[in-house]
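Whole structure, please, built from the sequences with the hints as guidance.
Chain order of the listed sequences is A and B. Just so we're aligned, residue 385 is where the first sequence starts under the numbering used here, counting upward by one. Just so we're aligned, residue 385 is where the second sequence starts under the numbering used here, counting upward by one.
Treat the hints with care, since some could be wrong.
The calculated BS3-like cross-link candidates involving lysine-lysine, where the alpha carbons are at most 30 Å apart (straight line), are [stated by the list, open to error]:
| hint | chain 1 | residue 1 | chain 2 | residue 2 |
| --- | --- | --- | --- | --- |
| 1 | A | K448 | B | K710 |
| 2 | B | K723 | A | K448 |
| 3 | B | K646 | A | K688 |
| 4 | B | K723 | A | K450 |
| 5 | A | K710 | A | K723 |
| 6 | B | K399 | B | K543 |
| 7 | B | K688 | A | K437 |
Just so you know, the hints here were simulated from the structure itself, not pulled from any lab data.
Protein chains: 2
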Amino acid sequence: MFNLISLKNGIDNVKGFNSGGVSAGFKKDGEKDVGFIKSDTLCDISAVFTTNKFQAAPIKHFKKYKEDFQTNFILVNSKNANAITGQRGIDDIDFIFENINIPDIINPIMSSTGVIGYPLQREKIIDAVNRFDLNSKDSDSCARAIMTTDSFKKEICLKVELDDGSFFHIAAICKGAGMINPAMATMLCFIVTDANIPKTDMSELLKNSIDDSFNAISVDGDTSTNDTVFLIANKTQNSYDKTAFREALNFITKNLSLLILKDGEGSNKVVAFEVDGALSRDEAKRAASALSNSLLVKTAIFGKDPNWGRIASTIGASNIACDEEKLEIYYDDILVYSKEHPILDEQTEQKASKVMKKESYKITCKLNMGVFSYTAYGCDLSYEYVKINADYRT
Amino acid sequence: MFNLISLKNGIDNVKGFNSGGVSAGFKKDGEKDVGFIKSDTLCDISAVFTTNKFQAAPIKHFKKYKEDFQTNFILVNSKNANAITGQRGIDDIDFIFENINIPDIINPIMSSTGVIGYPLQREKIIDAVNRFDLNSKDSDSCARAIMTTDSFKKEICLKVELDDGSFFHIAAICKGAGMINPAMATMLCFIVTDANIPKTDMSELLKNSIDDSFNAISVDGDTSTNDTVFLIANKTQNSYDKTAFREALNFITKNLSLLILKDGEGSNKVVAFEVDGALSRDEAKRAASALSNSLLVKTAIFGKDPNWGRIASTIGASNIACDEEKLEIYYDDILVYSKEHPILDEQTEQKASKVMKKESYKITCKLNMGVFSYTAYGCDLSYEYVKINADYRT
Numbered sequence: 385m386f387n388l389i390s391l392k393n394g395i396d397n398v399k400g401f402n403s404g405g406v407s408a409g410f411k412k413d414g415e416k417d418v419g420f421i422k423s424d425t426l427c428d429i430s431a432v433f434t435t436n437k438f439q440a441a442p443i444k445h446f447k448k449y450k451e452d453f454q455t456n457f458i459l460v461n462s463k464n465a466n467a468i469t470g471q472r473g474i475d476d477i478d479f480i481f482e483n484i485n486i487p488d489i490i491n492p493i494m495s496s497t498g499v500i501g502y503p504l505q506r507e508k509i510i511d512a513v514n515r516f517d518l519n520s521k522d523s524d525s526c527a528r529a530i531m532t533t534d535s536f537k538k539e540i541c542l543k544v545e546l547d548d549g550s551f552f553h554i555a556a557i558c559k560g561a562g563m564i565n566p567a568m569a570t571m572l573c574f575i576v577t578d579a580n581i582p583k584t585d586m587s588e589l590l591k592n593s594i595d596d597s598f599n600a601i602s603v604d605g606d607t608s609t610n611d612t613v614f615l616i617a618n619k620t621q622n623s624y625d626k627t628a629f630r631e632a633l634n635f636i637t638k639n640l641s642l643l644i645l646k647d648g649e650g651s652n653k654v655v656a657f658e659v660d661g662a663l664s665r666d667e668a669k670r671a672a673s674a675l676s677n678s679l680l681v682k683t684a685i686f687g688k689d690p691n692w693g694r695i696a697s698t699i700g701a702s703n704i705a706c707d708e709e710k711l712e713i714y715y716d717d718i719l720v721y722s723k724e725h726p727i728l729d730e731q732t733e734q735k736a737s738k739v740m741k742k743e744s745y746k747i748t749c750k751l752n753m754g755v756f757s758y759t760a761y762g763c764d765l766s767y768e769y770v771k772i773n774a775d776y777r778t
Numbered sequence: 385m386f387n388l389i390s391l392k393n394g395i396d397n398v399k400g401f402n403s404g405g406v407s408a409g410f411k412k413d414g415e416k417d418v419g420f421i422k423s424d425t426l427c428d429i430s431a432v433f434t435t436n437k438f439q440a441a442p443i444k445h446f447k448k449y450k451e452d453f454q455t456n457f458i459l460v461n462s463k464n465a466n467a468i469t470g471q472r473g474i475d476d477i478d479f480i481f482e483n484i485n486i487p488d489i490i491n492p493i494m495s496s497t498g499v500i501g502y503p504l505q506r507e508k509i510i511d512a513v514n515r516f517d518l519n520s521k522d523s524d525s526c527a528r529a530i531m532t533t534d535s536f537k538k539e540i541c542l543k544v545e546l547d548d549g550s551f552f553h554i555a556a557i558c559k560g561a562g563m564i565n566p567a568m569a570t571m572l573c574f575i576v577t578d579a580n581i582p583k584t585d586m587s588e589l590l591k592n593s594i595d596d597s598f599n600a601i602s603v604d605g606d607t608s609t610n611d612t613v614f615l616i617a618n619k620t621q622n623s624y625d626k627t628a629f630r631e632a633l634n635f636i637t638k639n640l641s642l643l644i645l646k647d648g649e650g651s652n653k654v655v656a657f658e659v660d661g662a663l664s665r666d667e668a669k670r671a672a673s674a675l676s677n678s679l680l681v682k683t684a685i686f687g688k689d690p691n692w693g694r695i696a697s698t699i700g701a702s703n704i705a706c707d708e709e710k711l712e713i714y715y716d717d718i719l720v721y722s723k724e725h726p727i728l729d730e731q732t733e734q735k736a737s738k739v740m741k742k743e744s745y746k747i748t749c750k751l752n753m754g755v756f757s758y759t760a761y762g763c764d765l766s767y768e769y770v771k772i773n774a775d776y777r778t
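Okay, here's the thing in structure tokens:
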């Protein structure tokens, strides 16, 4: 057994890590846009990157290091993704790391988010880095420095207490907002831990954790060039248990995913789409993801319209085995469609509409074909989404 | 050689066909919602239906007839899709055809569009049918009877003159608006001809024509339960030429597709997405369709923002062979990205913005990997789209 205790102040709790952020002038009103995470000692690092074919320069720069390299410094910036910037994008990162006044940094990593296709303003970034307080414990500023269209910062920390009296921490900051889909779009997440976790466990647990969290959410179905999740371990605490670590990591990634969704551009609601009784997990996932990505479903959610026909139609279009005679659709626990109840009566419609007024709820589709299930998470599509994305660069 | 001459009044021109429409009271203000197409003689018919697994009752009813059956009557209605209505939906169609006062109808067909999951109001439809003027030539009323969120009716007619002095007509009415994507969603199209076309040519030419027209357009990427394209030939004219028929049919389906897109819910613009230089036609099609479906691309089009990064990112996410060093992106003939011109200068940005102010324009992505190309068509995503679909049933 083990205890998971939620702590404030994100990665400030994790032994041996410092962090912070300053303004380089990229954002308006002196808001922070360049930040760092620094470890007193060398860290193992596991990464999961975007599946986009045009991987951004920071990802290419990361991949220049040898396998199983260790690092003690991560530099982050917003407002410029340093993507589709060619060799210049990679050279700019090298130039920055060669020209900053930070002693003893080893294999430094950069991570960027923002607009595609413009070169980094490297002098401004160097100037910002030279203003870092490297001894600060300021997770808040670092979390703010990676925000783009996010309306609130996202950080989380768990203290994990084991039965032997030992304990360790896992904490994370991340940014999300638009362009979030099952392939983890425009999403940066930095997870740091002081647990004494073996490198082999890091990769395995991180990959599995992402499949049911960041890869299960959809804001708009787009996949960016920069998506990155890092798990960084400095092993400062002499404490580790694989099961406990898995639980804590899954808790963190799942909850950050839901925060991203809640903060989806212009989004007001988080809806879980559970598809049960599919012939395979892959089919369940395909149908659930189709629901979370459908514009017509999203707009019906925004309009609080229990139009289950759009749910059924989307399931039918997702190219999975299904049968309208076996299908059941629920809004939370309100049955809105089955072969026996094919027509939405007024009373049921009122109950379903009431469910749809909640900030978050679940739409369940029981296929009754097989035994596999998957839950994807989506949000509504609002006027605000269109506005934010029509004007993104300005 | 042959001449294609555009005529007004849609299917009124086609010899041996009558059509019309009345109000059954489903729409407000006495707008037409039930219509018909009737032929003096029996017709061959070819059909292409939705790929949605939950095919609507009218499609199941059609499939009960023997292969190569002939018909002389098509009944259409809007406001109710008769989809996911089980056996009752099929029985309702039979009931309607058994209880209307029209002599000599053989193998009648029904086609419906509207909300999913409600039984047809069959008595109201029967009453409406009994008010049809079966001798009317009123393509306009029939085209209006199938409109849902369409803001204008869609009809088209070509007279095809052959070198031997003979001629025939092809005409069509269709409805589209939302839920249009490369799998032909919420789209009904009735193409009628008096050409003496062999049945084998009908199926072949219809299928090929749809692949580059209705299947190449996207309003919101959803696929409905009811999509149908019929080609109906009464062979009243002793005239036919396969090449001429193909050209005329392709002209009609392509132009109706563009009308549907122009009328996409809340849409203001039609954009052609041409992907050139792909390794296969399939890859070109996948990338072009991804562009026409991307929410971020659609909102950038709405915002008239030449943010080519979103174009590149969407290409990169579409899982095709591509290379940022070989990629070129154009807005009409304005080059906005290539390896040699990676940064959007102010002058080019102004030129590209000017292109984006046009009602229709083309975005070309030259992959420079292979020789295959495909053009998909999309529209913008506006506040209006969200509004229409949030309130669809009310």
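Going down the list of hints, with the structure as the test:
Annotation: proposed proximity of K448 (chain A) to K710 (chain B) holds, straight-line Cα distance about 22 Å (limit 30 Å). Among the hinted pairs, K723 (chain B) with K448 (chain A) is consistent with the structure: their alpha-carbon atoms are about 21 Å apart, no more than 30 Å. Annotation: proposed proximity of K646 (chain B) to K688 (chain A) holds, straight-line Cα distance about 28 Å (limit 30 Å). Distance hint between K723 (chain B) and K450 (chain A) is fulfilled; the C-alpha atoms sit about 28 Å from each other, no more than 30 Å.
Taking the CA atoms of K710 (chain A) and K723 (chain A), the gap is about 7 Å. The hint holds against a cut of 30 Å. In summary, the hint linking K399 (chain B) to K543 (chain B) is supported, as the alpha carbons are separated by about 11 Å, within the 30 Å threshold. Using a Cα cut-off of 30 Å, the hinted pair K688 (chain B) and K437 (chain A) holds, with the two alpha carbons roughly 26 Å apart.
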